[in-house]
Amino acid sequence: MLLTNRPFRTLLSREILRFTRIWIQTIVPPLLTSLLYLVVFGVALGTRIREVDGVPYLEYILPGVALMSLITGSHMNSSWSVFDAKRERYIDELLISPMSDLQIALAYSLGGTLRGLIMGLGVFVVGIPFVGVTVEHPGLLLLIGVLSSFTFASLGTMVGAMATRIDHISFLTNVVIQPLAFLGGVFYSVEMLPGFLRVATLFDPIFHMVDAARYATLRTSDLNPYPTLGVVFLLAALAFAGAWWAINRGPNLRY
Amino acid sequence: MEDIVPALKVEDLRKTYSNGLLALDGVSLEIQAGRFFGLLGPNGAGKTTLINSVVSLARPDSGRVEVFGRDAHREFREARRMIGVSPQELNLDKFLTVEEVLLYHAGYYGVEKRKAKERAEELLERFGLVGKRKDRVNTLSGGMKRRIMFARALMHDPEVLFLDEPTAGVDIELRYSLWEYIRELNRGGLTILLTTHYLEEAEELCEEIALIDDGRIAAQDTSAGLKARYDARSVEEVYLKVMGHVADQ
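Sequence order for the protein chains is C and P.
Note that the first sequence covers residues 1 to 255 in this note's numbering.
Note that the second sequence covers residues 1 to 249 in this note's numbering.
There may be inaccurate statements among the hints.
Beta-carbon label-pair distances, calculated as ranges [to be verified]:
no., chain 1, residue 1, chain 2, residue 2, range
1, P, Lys117, C, Glu88, 22 to 28 Å
2, P, Lys117, C, Leu36, 41 to 47 Å
3, C, Phe196, P, Ser18, 42 to 48 Å
4, C, Ile22, P, Asp221, 50 to 56 Å
In short, the hints are calculated from the structure, not lab data.
All values derive from a computational prediction rather than experimental measurement.
Backbone N, C-alpha and C define an ideal beta-carbon position, used for all residues, glycine too.
Just chain C, with the same shape it has in the complex (with noise of 0.2 Å):
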């Protein structure tokens, strides 16, 4: 009833509308980020670390760059657009018309679901000529692509809908989640950073989803992949209780 309904079904092609049409500036650059990181990393500096956990270093951090990617994607895009609507008040559209705020909510967490997980296949498919990807697990790579996207971005619904200002929607990006994506485990092995950090990079809830992520695309995690799942489904729960919450709730929405 939700899924199918008319305008729940606007408002989401409306947001995949949004990211396409101007996909020079949503799908390109980021795409292009990665293939940077790819070379950078990988090509260049992965000459000197061949290999990780016995896997060639490419392969090694292509599963966390698709990630990252994905990750960028999707709360950038839920951010931004109920931020822009925000702003420019062609929200006040949406908050009169029949729809719910649930389903108001869910539209722009999946539509930023998405674009990152167009962002995340494009990894990949940009990977290709650089390493001869094969998935093992494609099914639970799926799985956690879907729930890492849907919880960043709920967590950019809500934080679109929060902010009063631009600087809290680059707060989120560069000082919350570009930080937590680095420490993430994307580029190295758990196991190679001293006691405390590794202790405290369990606290990074990127880690788990980067660490589930390459478990299923190579085999090889530094944590058992199947409770990290658990975690996920819990963080994309909480967040997207949070963006229901913020465009119910959020500052100069209702007043």
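Got chain C sorted already, so can you dock chain P onto it with the hints?
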């Protein structure tokens, strides 16, 4: 006559903003179906807050709102589907073209696709937007945007139309053609709630007028009734008397 469900029924509506401003101080109002109703008052009197409270953009502290007998809070889907709003501030989705603005709006209100296309054609034609249908809305002039907002408010075929200062900043030619169209819609049975600063237009268009000041309804009647009660020659004079000013002559 008493048995007929009013298009809009507002009961003892109070709204205080987070900064402590009391915007609505127990407003009660009833607008009969098919009426052309004017809501007049100075800036900050509570006109937009009243409209926003009906469509749940504002959260009233207390009070009740019904749209054709449907509770605007508990039965929000049914209530909101019956309302079309052309807000004071331009608020068009900048990523969309003119035609898409109309079609997406219809979708948000659950209008079936084929019906939405027909309606969009009709409104594009009516508002002289056919040649601009593929243009992105953010490339258009203010007057053009105003027309699109108007057409958008009508896309889901509402029963009540809220026009909040719809002609602010619009050239005279467009203003007259918009009024002509609104009158035509009203003759066809559409209930209209208009807020405006152009008092002579309110006098000419509205069958019933409410004056709002400091969050309270200060007076309400037909324009003839108001003029008789306040011994005034025009609605403007009534307005000045009610708002505590003395008319010049």
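Outcome of the hint check:
In this structure, Lys117 (chain P) and Glu88 (chain C) meet the distance hint of 22 to 28 Å, their C-beta atoms being roughly 26 Å apart. Distance hint for Lys117 (chain P) and Leu36 (chain C): a CB-CB separation of about 45 Å, consistent with the stated range 41 to 47 Å. Restraint check, Phe196 (chain C) to Ser18 (chain P): a C-beta distance of roughly 44 Å satisfies the suggested window 42 to 48 Å. Under the hint 50 to 56 Å, the C-beta atoms of Ile22 (chain C) and Asp221 (chain P), about 52 Å apart, fit the expected range.
Every hint from the earlier list agrees with this structure, and none is contradicted.
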